[in-house]
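Participant: All chains should be modelled from the sequences, with the hints used to inform the complete structure.
Residue numbers (our numbering), protein chains in the order written: chain A, 266 to 377; chain B, 230 to 343.
If you are wondering where the hints come from, they were derived from the structure by calculation, not from laboratory data.
Careful, some of the hints might be misleading.
[Unchecked claim] Dumping the calculated DMTMM-like pairs for lysine to aspartate or glutamate here, alpha-carbon to alpha-carbon at most 20 Å:
#1 Lys306/A to Glu268/B
#2 Lys318/A to Asp350/A
#3 Lys305/A to Glu268/B
#4 Lys305/A to Asp313/B
[As the list claims (entries may be wrong)] Per label pair, the in silico range of CB-to-CB distance:
#5 Asn247/B to Pro334/A: 43 to 53 Å
#6 Asn247/B to Lys306/A: 25 to 35 Å
#7 Ala304/A to Asn251/B: 21 to 31 Å
#8 Leu237/B to Lys283/A: 40 to 50 Å
#9 Asn296/B to Ser337/A: 33 to 43 Å
#10 Lys305/A to Asn296/B: 24 to 34 Å
Even for Gly, the Cβ is constructed at its ideal location relative to N, Cα and C.
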Amino acid sequence: DTEVTQTPKHLVMGMTNKKSLKCEQHMGHRAMYWYKQKAKKPPELMFVYSYEKLSINESVPSRFSPECPNSSLLNLHLHALQPEDSALYLCASSSAGQYGYTFGSGTRLTVV
Amino acid sequence: GESVGLHLPTLSVQEGDNSIINCAYSNSASDYFIWYKQESGKGPQFIIDIRSNMDKRQGQRVTVLLNKTVKHLSLQIAATQPGDSAVYFCAEAYGSSNTGKLIFGQGTTLQVKP
Chain A
266 DTEVTQTPKH
276 LVMGMTNKKS
286 LKCEQHMGHR
296 AMYWYKQKAK
306 KPPELMFVYS
316 YEKLSINESV
326 PSRFSPECPN
336 SSLLNLHLHA
346 LQPEDSALYL
356 CASSSAGQYG
366 YTFGSGTRLT
376 VV
Chain B
230 GESVGLHLPT
240 LSVQEGDNSI
250 INCAYSNSAS
260 DYFIWYKQES
270 GKGPQFIIDI
280 RSNMDKRQGQ
290 RVTVLLNKTV
300 KHLSLQIAAT
310 QPGDSAVYFC
320 AEAYGSSNTG
330 KLIFGQGTTL
340 QVKP
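Facilitator: This is the structure:
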């Protein structure tokens with residue numbers, strides 16, 4: 266298995282909702298990442314997990330809460346989002362210390 | 230802050246021609262660079278990488294050139310095909326060995342005309 270799987274592919278949520286994005290990989294990668302990508306812009310790093318521990322938080326607002334329950338799973342919990350948070354959320358993984366990230370296809374999030 | 234950027238937002242080429250996509254970076258401490266391809270509705274896909282101790286690396290139909298003197302990176306695609314149409318990002322990697330941090334440039338949209 267050489268893929269990163271993200272679910273759901275599309276999500277529409279209200280500003281008072283709580284939802285979660287999920288990411289799964291079975292490549293044995295011990296580093297996992299969340300990126301946010303707005304239309305026609307490059308992906309922007311949000312969080313880095315290394316060996317299931319949060320190692321980088323790029324000053325992301327607390328309404329985004331990451332979680333890494335085990336070495337194969339990465340979640341992003343969403344609460345009280347704003348319309349400007351609408352974007353494509355990408356998950357990636359890599360071997361620890363390696364930069365050849367494998368990306369998932371993303372979750373297209375719309376906040377209404 | 231420091232960033233990686235691309236020179237042109239859009240590049241249009243004829244099928245069969247060679248394509249050259251350019252990128253300028255500003256962090257002279259970076260030692261690893263990657264080119265990614267992103268097709269519509271998909272995540273970025275790894276194309277080729279290069280370390281700062283190299284100035285050229287070749288893959289299948291693609292070549293990456295690195296000029297550290299002027300902090301310039303380029304991606305050459307030989308015999309461009311319609312399937313090459315996508316957004317291309319250069320990315321700059323730095324950080325400790327266990328907490329890799331990959332920062333993307335602005336991206337160039339490659340359009341291949343049949």
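Participant: All the hints need checking, so say for each whether the structure fits it.
Facilitator: Hints, one by one, checked against the model:
no.: 1; hint: Lys306/A to Glu268/B; in the structure: 13 Å, holds
no.: 2; hint: Lys318/A to Asp350/A; in the structure: 25 Å, violated
no.: 3; hint: Lys305/A to Glu268/B; in the structure: 12 Å, holds
no.: 4; hint: Lys305/A to Asp313/B; in the structure: 18 Å, holds
no.: 5; hint: Asn247/B to Pro334/A: 43 to 53 Å; in the structure: 47 Å, holds
no.: 6; hint: Asn247/B to Lys306/A: 25 to 35 Å; in the structure: 27 Å, holds
no.: 7; hint: Ala304/A to Asn251/B: 21 to 31 Å; in the structure: 23 Å, holds
no.: 8; hint: Leu237/B to Lys283/A: 40 to 50 Å; in the structure: 42 Å, holds
no.: 9; hint: Asn296/B to Ser337/A: 33 to 43 Å; in the structure: 40 Å, holds
no.: 10; hint: Lys305/A to Asn296/B: 24 to 34 Å; in the structure: 27 Å, holds
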